[in-house]
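Just need the whole structure built from these sequences, with the hints factored in.
Chains as they are written, first to last, in full-length UniProt numbering: chain A, 1 to 108; chain B, 1 to 108.
By construction, these hints were calculated from the structure, which means they are not laboratory data. Hints are not guaranteed to be accurate.
A pair holds if it fits inside one copy or across any two, identical chains being indistinguishable in the list.
What the hints assert, rightly or not - Listed next, the in silico EDC-like pairs over lysine to aspartate or glutamate satisfying Cα-Cα at most 16 angstroms (straight line): (1) Lys2 with Glu67; (2) Lys2 with Glu70; (3) Lys3 with Glu70; (4) Lys3 with Glu51; (5) Lys2 with Glu51; (6) Lys2 with Asp66; (7) Lys95 with Glu16.
Note that this is a predicted model, so its numbers are computed, not measured.
Next come the chains, spelled out residue by residue.
Protein chains: 2
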Amino acid sequence: MKKSLFNNIPDALPNEWVEVLAESADVRIERIVSDGHASPDGFWYDQGQDEWVLLVSGSAVLTFEDETVELNPGDHIMIPARRRHRVESTSSTEKTIWLAVFHENDPI
Amino acid sequence: MKKSLFNNIPDALPNEWVEVLAESADVRIERIVSDGHASPDGFWYDQGQDEWVLLVSGSAVLTFEDETVELNPGDHIMIPARRRHRVESTSSTEKTIWLAVFHENDPI
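Written as structure tokens, this is what we have:
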């Protein structure tokens with residue numbers, strides 16, 4: 001059954017909103033919706049899995065320890081496991097929809 | 001380094017165009033670009049892996065043995081391993097961009 005990344009999003013999002021779209025032993029695909037949310041001051045993600053992330057709509061700024069990356073619709077980036085990062089900001093004028101694919105980084 | 005799903009697409013696509021965006025032992029993420037392409041008459045995909053697919057831009061019609069599904073931007077669908085399907089049509093007026101995530105369907 002098909003679904004849409006643009007449907008079934010609550011109007012009010014006090015927190016960032018995460019929905020698992022598909023999951024198996026090896027991979028988890030999530031839709032994440034931000035509504036002006038950012039990582040708390042001083043917080044860094046430090047994940048055990050690789051995360052490939054696509055910005056679907058809205059906009060965002062990711063900060064890494066060595067660079068800052070602005071993401072607009074269609075932009076995608078691979079965040080390898082253990083690469084510390086934070087969401088510096090997301091659009092304050094529209095919801096920001098992300099598609100994230102988490103997976104182990106075992107070599108082929 | 002960020003990239004965009006909308007950039008670096010050849011103008012002329014005699015065949016459907018596939019680019020691997022990320023790959024590990026467990027998962028393969030592909031950008032697929034169709035330009036009016038469809039599966040050959042009588043051809044059915046019968047894949048050994050689960051495929052989660054998102055239609056990013058353009059439009060398409062997928063045919064399964066028991067249903068036909070029209071996909072527009074933002075629509076996504078999980079195609080379990082061994083579920084036979086074909087691409088019945090893709091937009092004839094613009095390129096159709098797909099994001100596909102192939103992975104083993106091992107239970108969690």
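**Study point:** Which numbered hints fail
**Key:** none
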